[in-house]
Amino acid sequence: MPVRFHTVAKRLALLLAMVLVGDRALAWMLARAVSRTGTRFARAYRGGVDADVLVVGDSRGVNGLYGPAIRDATGLSAFNLAYNGLSTHLCEALVLDYLEHNRAPRLLLVEASNVPSPDEMLDNLRLHWRDSARLDALAAALVPGERRATRILNLYGYDNELALRSLFYAGRDDQDWVNRYRISAAVLEAARHEAPFRLEARPDNLEALGRLVRAAEAKDIAVRVVLTPYLPDHLAKMQNWPEFVQAVEQVVAPRKVWDYADAIADTSMFADRLHLNAEGARRLARKMAADGLFAVAAVASNEPPAPASAQHSRFAGASAPSSEQDLRRHLRSTPGT
Amino acid sequence: MLFNSLSFLIFFALFVPAYYATHGRVRLVIALVASNLFYAWWDWRFLGLLWFSTLFEYVVALRLHAMLDGPRRRRLLVLSMTTNLGLLGFFKYFNFFAATAHDALAALGVHAPQLALNVVLPVGISFYTFQTMSYAIDVYRRQVEPERDLLRFATSVALFVHLVAGPIVRARHLLPQLRDDRQPDIETVTRGFEQVLRGYFKKVVVADSLAPIVDAYFVDPSLHDGASLLIAIYFYAFQIYCDFSGYTDIALGCARLLGYDLGVNFGRPYFSRTFSEFWTRWHISLSSWLRDYLYIPLGGNRGGAVKTYRNLALTMLLGGLWHGASWTFVAWGGLHGAYLVVERLVERPLARLAAALRLPPSVRSFLAVVLVFHLTTFAWIFFRAPSFATAWAVIAGIATRTTLSLAQVQSKFPIAKGVGLCVVLMAAELLSFRPAFGERFRTSPALRYATAAGIVWSLALLGAFSGNNFIYFQF
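Here the protein sequences line up with chains A and B, keeping their order.
What the first sequence shows, in my numbering, is residues 211 to 547, in sequence order.
What the second sequence shows, in my numbering, is residues 329 to 803, in sequence order.
Misleading hints may appear alongside valid ones.
Claimed, not checked - Per label pair, the in silico range of CB-to-CB distance:
id	chain 1	residue 1	chain 2	residue 2	range
1	A	Arg-256	B	Ala-735	27 to 37 Å
2	B	Gln-738	A	Gln-449	22 to 32 Å
3	A	Arg-256	B	Leu-375	35 to 45 Å
I should point out that these hints are in silico values taken from the structure, not numbers from a laboratory.
Ideal Cβ positions, reconstructed from N, Cα and C, are used throughout, including at glycine.
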């Protein structure tokens with residue numbers, strides 16, 4: 211018998227109802243599961259993180275500023291909020307969100323070599339759009355179609371690598387995530403023959419970096435802008451590294467940029483052209499500690515606990531700065547700031 | 329217009345009511361106009377080529393039917409073949425043959441200028457050319473009556489569900505279905521809808537999730553360890569299967585929703601126990617075309633073992649070349665030709681060995697499936713690699729840099745997702761071998777609704793909405 215329109219419409223309506231109800235139920239379950247996991251973002255939005263040092267950046271921040279390495283080198287607790295592909299723009303939103311939910315760190319380490327990155331990783335953070343008004347606003351401005359799709363089918367919010375990673379880290383911490391292998395001979399060889407290239411910072415990321423630094427300091431958090439090591443052969447192919455560093459320095463001035471791009475020459479400390487491995491991260495952490503990069507936070511963390519209001523604004527050997535100007539003055543007087 | 333685009337969903341949602349609201353020739357007009365719009369969405373300039381091919385074969389078929397058997401009739405068929413293959417050769421193979429001739433001359437010390445045409449390959453040309461060629465041959469063989477109604481013939485050639493990437497539908501199969509108003513029953517519509525959903529699952533969830541991983545490893549295989557390259561080639565085996573069979577499912581499902589049955593194009597090919605079986609399960613419309621219009625006319629298996637091997641090898645080499653203007657495709661076809669020949673050579677010794685070892689039939693089948701799958705996957709390296717250098721780099725990487733460690737493997741989470749999807753897909757295909765499962769599925773509305781809803785959820789949760797083209801669009 212030929213099909214009738216109302217039969218098809220009825221069946222489609224039933225399927226649609228099933229899809230929507232199931233979508234909400236499954237998304238609710240996933241939201242609960244993700245919020246309880248040990249991924250950095252789940253922990254940051256859940257609140258209660260109490261770290262001396264907060265690290266932010268992209269995968270170079272993940273691997274170069276490895277939390278356990280910082281702890282071993284300085285005795286400071288570190289929380290790594292960096293993630294593969296994060297732009298500075300997204301780092302800004304994530305750090306501000308972190309500060310709303312958790313105790314402020316004494317020191318913020320910003321790995322700033324992600325200023326050329328676009329905001330593509332905003333998509334990967336879909337599962338946290340509902341946790342963050344900032345990320346949601348960015349999504350509304352940059353990817354409105356994706357945002358609408360997550361409203362229609364909530365499960366779409368979990369369609370990304372971060373959701374998979376979250377489930378992997380159910381019940382355990384992701385702060386030990388780092389490259390543990392050594393660069394292969396083939397990648398080393400390829401880096402030697404790599405074509406010269408330029409790194410171009412995006413103006414919106416540079417602005418975000420400036421805002422991030424100022425916002426953190428306004429909350430009495432010392433900030434260090436860091437550029438972690440590149441594989442020497444890869445770095446040699448960057449035609450405009452000095453200009454690139456200068457562009458970063460301009461937006462964070464008068465603060466210093468801690469340029470460690472060429473600090474490690476031993477290729478066995480790298481996982482690939484861009485990333486240190488765990489061994490390299492430990493060497494870098496020791497070097498940064500020796501350079502006094504952690505001095506502010508180290509002294510502060512050894513002090514006896516203070517009332518929450520004052521606790522965030524204690525700095526090495528000086529009275530607490532009462533304003534951003536004071537803070538800057540203070541930081542300028544601190545070695546290496 | 330891509331099946332996995334929003335524009336297609338809107339197009340189809342508008343087309344279906346218009347199609348069912350009309351009857352007879354008006355319905356055909358709507359189908360033809362919509363199909364032309366569908367094609368023009370990509371590049372309207374090549375509509376002229378499609379129409380030329382359609383009108384030319386329409387006239388040729390009528391003349392072939394009217395003429396008495398003899399040299400003139402044969403010459404007309406040759407003219408038809410030459411024209412069709414000439415168009416295909418010009419748009420698809422000119423640069424390839426020109427470059428090959430240039431390289432061959434250079435090897436002989438003759439430095440000729442290199443000719444190259446800056447032309448775009450018209451989407452679907454390999455498919456509709458083969459379709460119209462088979463129509464002319466069938467009319468020549470007096471196996472089908474020519475279609476006198478130009479509107480119906482043009483619709484059969486251009487119908488959007490099979491136009492750009494098949495299946496290659498024979499005129500004798502489709503034309504009769506265009507002679508009446510199709511009024512499918514609810515079961516046909518439901519199955520069509522389910523097939524479309526399955527197609528989207530294969531394409532958007534599986535193929536497009538695997539694609540970025542495969543692409544990353546094939547850019548410069550020398551940079552990756554053997555384990556990563558192994559993952560890349562296995563993933564490519566599933567990517568191309570899900571990409572093409574997913575496209576086919578969407579095409580066949582849409583056709584079902586319109587009341588047309590375009591046949592079957594894939595039948596769980598990775599469970600084949602022999603390569604002969606593989607080619608009855610993979611791209612069936614092409615392999616049956618090659619069998620009917622190339623292998624059998626060459627003599628098939630009628631001239632003894634050696635001629636059979638020659639015909640098999642030639643058919644597969646040309647089948648490889650049909651896919652793309654590159655020697656890597658020829659190598660892929662050649663490998664499959666070699667597999668088919670060797671399979672025939674070792675068939676009896678292997679059967680004797682299995683009997684001597686007293687292997688149970690299930691173990692024999694399992695081992696055969698594993699072997700055929702792995703050799704097929706090996707051949708895919710040449711199909712995927714843009715050059716022989718890349719293909720050798722992949723093979724060399726696997727041969728010399730494979731260890732048991734997965735430490736150097738990048739993108740572990742997407743890889744884990746890909747492995748999970750492949751396992752689910754193969755498990756579902758394995759289940760579908762059991763007739764009882766199919767019967768239970770068909771008679772359980774709850775199971776059917778749950779499966780459809782599950783596919784929509786998986787699209788939302790696991791889909792890769794990168795808008796990737798279908799691989800076979802380039803052919």
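Now for the hints, and whether the structure bears them out:
Take Arg-256 of chain A and Ala-735 of chain B: their Cβ atoms lie about 31 Å apart, and the range 27 to 37 Å holds. As the Cβ distance of Gln-738 of chain B to Gln-449 of chain A is approximately 27 Å, the hint placing it in 22 to 32 Å holds. In this structure the supplied range 35 to 45 Å is violated for Arg-256 of chain A paired with Leu-375 of chain B, their Cβ-Cβ distance being about 58 Å.
Consistency with the previously given hints fails for number 3 only.
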